[in-house]
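*Asks:* Residue numbers (the working numbering), protein chains in the order written: chain X, 3 to 283; chain D, 3 to 268; chain P, 898 to 1179.
No lab work stands behind these hints, which were simulated from the structure alone.
Ideal placement from N, C-alpha and C gives every residue a C-beta, glycine not left out.
Wrong hints could be hidden among the right ones.
With a cut-off of at most 20 Å between alpha-carbon atoms, the simulated DMTMM-like pairs for lysine to aspartate or glutamate come out as follows [stated by the list, open to error]:
#1 Lys9/X with Asp42/X
#2 Lys1012/P with Asp189/D
#3 Lys255/X with Asp1102/P
#4 Lys255/X with Asp974/P
#5 Lys149/X with Glu174/D
#6 Lys1030/P with Asp974/P
#7 Lys1058/P with Asp974/P
#8 Lys981/P with Glu1017/P
#9 Lys955/P with Asp177/D
#10 Lys149/X with Glu175/D
#11 Lys255/X with Glu1172/P
#12 Lys955/P with Glu174/D
Under 8 Å between C-beta atoms, here's a sample of chain D residues computed to sit facing chain P [to be verified]:
#13 Arg178
#14 Ile179
#15 Ala182
#16 Gln183
#17 Ala188
#18 Leu202
#19 Val203
#20 Ser212
#21 Arg216
#22 Ala217
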Amino acid sequence: MNFLEAKKVIFEYVRRGKDGEVDGFKRAIDEVDLDISQGDFIAILGPNGSGKSTLAKHFNSLLHPTEGTIYVDGCDTTDADKIWDIRKSVGMVFQNPENQMIGTIVEEDVAFAPENIGIDPEEIKQRVRESLVMVEMQDHRKSSPSKLSGGQKQRVAIAGVLAMHPKCIVLDEPTAMLDPEGRREVIRAVRALNDVENITIILITHNMEEAVYADRIYVMKDGRIAMSGTPREIFSRVEELEECRLTVPQVTKLAYELRKGGLDIPSGILTREELCRAICR
Amino acid sequence: MIRDITLGQYYPTDSVLHRLDPRVKLCGTLIYVISLFLFQTFTGYIVATVFLVSMIALSHVPVKFIFRGLKAILFILVFTAVLNTFLTPGRELVSFWKITITIEGVRLAAFMILRLVYLIIGSSLMTLTTTPSNLTDGLEKSLGWLKVFRVPVHEIAMMMSIALTFIPVLLEETDRIIKAQQARGADFESGNIIRRVKSLVPILVPLFISAFRRANDLAIAMESRCYHGGDGRTKMRPLAYGFRDIMAYVVLVLYLAVVIVVGIMF
Amino acid sequence: MSIIVNHVDHIYNPGTVFEKKALNDVTFSVENGEYIGLVGRTGSGKSTLVTHLNGLMKPTGGGIYYDGVDISSDGYDIKALRGKVGLVFQYPEHQLFEEDVFADVCFGPKNLGLKETEIELRAYEALKAVGIKDEQFYVSPFDLSGGEKRRVAIAGVLAMKPEVLVLDEPCAGLDPAGREEILALADHLHSSLNITVIIVSHSMDDLAEHVERILVMNDGMLVMDAPTRVVFGHRAELEAMGLAVPEVTAILSDLKKAGLPVRDDLITIEEARSEILRVFGK
Chain X
3 MNFLEAKKVI FEYVRRGKDG EVDGFKRAID EVDLDISQGD FIAILGPNGS
53 GKSTLAKHFN SLLHPTEGTI YVDGCDTTDA DKIWDIRKSV GMVFQNPENQ
103 MIGTIVEEDV AFAPENIGID PEEIKQRVRE SLVMVEMQDH RKSSPSKLSG
153 GQKQRVAIAG VLAMHPKCIV LDEPTAMLDP EGRREVIRAV RALNDVENIT
203 IILITHNMEE AVYADRIYVM KDGRIAMSGT PREIFSRVEE LEECRLTVPQ
253 VTKLAYELRK GGLDIPSGIL TREELCRAIC R
Chain D
3 MIRDITLGQY YPTDSVLHRL DPRVKLCGTL IYVISLFLFQ TFTGYIVATV
53 FLVSMIALSH VPVKFIFRGL KAILFILVFT AVLNTFLTPG RELVSFWKIT
103 ITIEGVRLAA FMILRLVYLI IGSSLMTLTT TPSNLTDGLE KSLGWLKVFR
153 VPVHEIAMMM SIALTFIPVL LEETDRIIKA QQARGADFES GNIIRRVKSL
203 VPILVPLFIS AFRRANDLAI AMESRCYHGG DGRTKMRPLA YGFRDIMAYV
253 VLVLYLAVVI VVGIMF
Chain P
898 MSIIVNHVDH IYNPGTVFEK KALNDVTFSV ENGEYIGLVG RTGSGKSTLV
948 THLNGLMKPT GGGIYYDGVD ISSDGYDIKA LRGKVGLVFQ YPEHQLFEED
998 VFADVCFGPK NLGLKETEIE LRAYEALKAV GIKDEQFYVS PFDLSGGEKR
1048 RVAIAGVLAM KPEVLVLDEP CAGLDPAGRE EILALADHLH SSLNITVIIV
1098 SHSMDDLAEH VERILVMNDG MLVMDAPTRV VFGHRAELEA MGLAVPEVTA
1148 ILSDLKKAGL PVRDDLITIE EARSEILRVF GK
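Could you put together the complete structure from these sequences and hints?
*Replies:* Shown next, in the form of structure tokens:
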């Protein structure tokens, strides 16, 4: 069995009118199937309101499907006995770093999760140290989070999740509030965790450049999986992506335009280096 | 205006007070507050002043910073002073029109103001030298016995800690909202009371919405980091008393003794 | 209309451990009808700078002149200035508070003390300018989608009929199509309504195809002030500041390094396409 499997997952919530009467149901997730192996780097793309974040909250049992099932590491996410095991193995990082900081000092914040799990003080210290090293924040362990840049705060948030020793990290638009340097820092850290520690990464984003490194991309639209495939496959379908209110990375777009203009360039170019090589060949 | 509130803010520096166990500081603050209410004479206040001034000196926190907290309660101070001065019966000092100011009134007003000022400075000093998490750790530990009476000590401590962490965030947010509405020409300074209260709506509505959004985000983040109350929770740095803390308790006991002696003798 | 920012300093919390020099000797001027991008890392002083432009913050050194008059001088009508320099904060939708969209947009003009009919006319025009449909005028602003909320919030400032409109990170948190919509709106306000527009952003890709001139802030200082193309020619300096040139410019400069005789001062995909095809004789 794969690490994370979603089978025909549907999630509906009740919409209420002004006076609280039931106004109807809104289907936020509509028959989603997913199949993610341990160690995969997955990107989920989609416009605002397409259900990405709702779907992400299903992965660690914060939300339960209305219909269908999700298995994480062999456990059904609706199984109340397994809920803490699931949350330990699937960590979540959210968009706004300010709203997920619990400690007033970096170190305390990272220690929050292991403290909740009930780990011994000495082991907590060890885990905090290791987690901060993994995201290269060990020099700031005594700092107040408010003194850190956005990228640094987000890396602390990642360390806070790492201290649970998770098998998978779900990042819900982790770079939306960061500047380019902060984005690079976070993405670099995430890729390193995937490469070195073999942690499964599920990155939710609408920044196309970040999805380029994924093993597989799922594109969501109106609660459904509209497209799925490798970045190369997905980004060669420019018109379809634009229908989903998304674009392709600028490099891919330029390559596409050049090919249309008669230059012999392969489809699905993803990085600057690839394009330069293809042009200079 | 909003930035003047120092209560609940930590001033990061290194001093003996910063390094003390939070339980000592809580206990000390409590004794100090009690002493303020015991003293009825100027001699008593001299003792409290000596104690307070030496603590401020030990804390390494700039005096300007400590006094900033008083600006926020200026209104209450003036109000107390006026009430006490005019409404206390006793020997007449000055009299004009229908108002009489009494010697007792002036005396009481002076004490009340001193008491409030000392109270605020003393408690700000504690929060300025103790990180919020340390403070709540201390509270949780020293009030642990209340659990017997089904008081949710851990939950209260956690709520306090979160509230303290989010005070600066929400203050900043308030500042931002005020600026944004001012950019739309909102005026908070002129007009009568009713107009001024009404002018707060454009600030309060977005502020509440934002606070709820943040609270919701935080709750989800805590849950996904396996938070499930105080049961089975451990601490990275469990509180433990050291030599310094025992010495501090000795100082406190001495202070208490002086307070009692002064209270009885003078 | 002209704005002159003359040797402006701003120091937060002077004399404490929290002392921070947010603006350090910033000097520039803005003429009528310009379309400007203000770029810099988070914490570089951009937001502090723009809150000085409408008098919300006072410089601790130097001065700001609007149409030649010092806005810090005694008796200067700051309230009128706030009508002239419209400031749209980051995530402006978080400042919505009225029961319906129309009432929220009326808030600004009402504060200017205008007549009822004038207020409503301005609100109507502003909502039309940002592309809100008539049937959405009387719904609660909280029931709108993210992009719509943001446009309503922008309308709230537009209804004050500003001569200068400052948009702080107008695209933050929006999906690619949403970003394009907001930037197209900024273009429209600049070209059709002849408003001076200043966009604050850290995304060069967002700015490249829109603004005419770019100001770069770093560590409280204004380090570059030049036409868009000229600024993007300084790739190494920008990258050293943690900023990036537009992807397209980076590709062209890589190609040039690899020996292809292309210009590297182009910023749009269309320009790059023609340039590369020209080199290959197609």
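*Asks:* All hints are to be evaluated individually against the structure, with a verdict given for each.
*Replies:* For each hint, the structure was consulted:
1. Proposed proximity of Lys9/X and Asp42/X is supported: the alpha carbons are some 18 Å apart, at most 20 Å.
2. Taken as a hint, the Lys1012/P and Asp189/D pair is honoured in the structure, with Cα atoms around 18 Å apart against an allowance of 20 Å.
3. Distance hint between Lys255/X and Asp1102/P is fulfilled; the C-alpha atoms sit about 13 Å from each other, no more than 20 Å.
4. Taking the CA atoms of Lys255/X and Asp974/P, the gap is about 50 Å. The hint is violated against a cut of 20 Å.
5. For a cut-off of 20 Å, the pair hint linking Lys149/X to Glu174/D stands: about 14 Å separates their Cα positions.
6. Between Lys1030/P and Asp974/P the alpha-carbon distance is near 35 Å, which puts this suggested pair outside the 20 Å criterion.
7. Restraint check for Lys1058/P and Asp974/P: satisfied, since their Cα atoms lie roughly 16 Å apart, inside the 20 Å limit.
8. Proposed proximity of Lys981/P and Glu1017/P is supported: the alpha carbons are some 19 Å apart, at most 20 Å.
9. A threshold of 20 Å between alpha carbons decides the hint, and for Lys955/P with Asp177/D the separation of about 15 Å falls inside it, so the pair holds.
10. With a CA separation close to 16 Å, the supplied pair Lys149/X and Glu175/D stays within the 20 Å bound.
11. Straight-line distance between C-alpha atoms of Lys255/X and Glu1172/P comes to about 15 Å, which keeps the hinted pair within the 20 Å bound.
12. About 18 Å separates the Cα atoms of Lys955/P and Glu174/D, which keeps this hinted pair within 20 Å; it holds.
13. Given the 8 Å rule on beta carbons, the hint for Arg178/D holds: about 7 Å separates it from the nearest Cβ of chain P.
14. Of the supplied interface hints, the one on Ile179/D holds, with its beta-carbon coming within about 6 Å of a beta-carbon of chain P, less than 8 Å.
15. This hint holds: Ala182/D has a C-beta 4 Å from the nearest C-beta of chain P, less than the 8 Å allowed.
16. Given hint, Gln183/D at the interface with chain P, holds; its Cβ is 6 Å from that chain's nearest Cβ, closer than 8 Å.
17. Here the hint on Ala188/D is kept, as its CB sits about 6 Å from the closest CB of chain P, short of 8 Å.
18. Annotation: Leu202/D was flagged as interfacial toward chain P, and the flag is violated, the nearest CB pair being 11 Å apart, outside 8 Å.
19. Here the hint on Val203/D is kept, as its CB sits about 7 Å from the closest CB of chain P, short of 8 Å.
20. Restraint check, Ser212/D versus chain P: the minimum CB separation of about 6 Å is within 8 Å; hint holds.
21. Interface hint at Arg216/D: violated, since its Cβ lies 11 Å from the closest Cβ of chain P, which is beyond the 8 Å cut-off.
22. A hinted interface residue such as Ala217/D counts as satisfied when its beta carbon comes closer than 8 Å to some beta carbon of chain P; here the least separation is about 15 Å, so the hint is violated.
Consistency with the previously given hints fails for numbers 4, 6, 18, 21, 22, ordered from lowest to highest.
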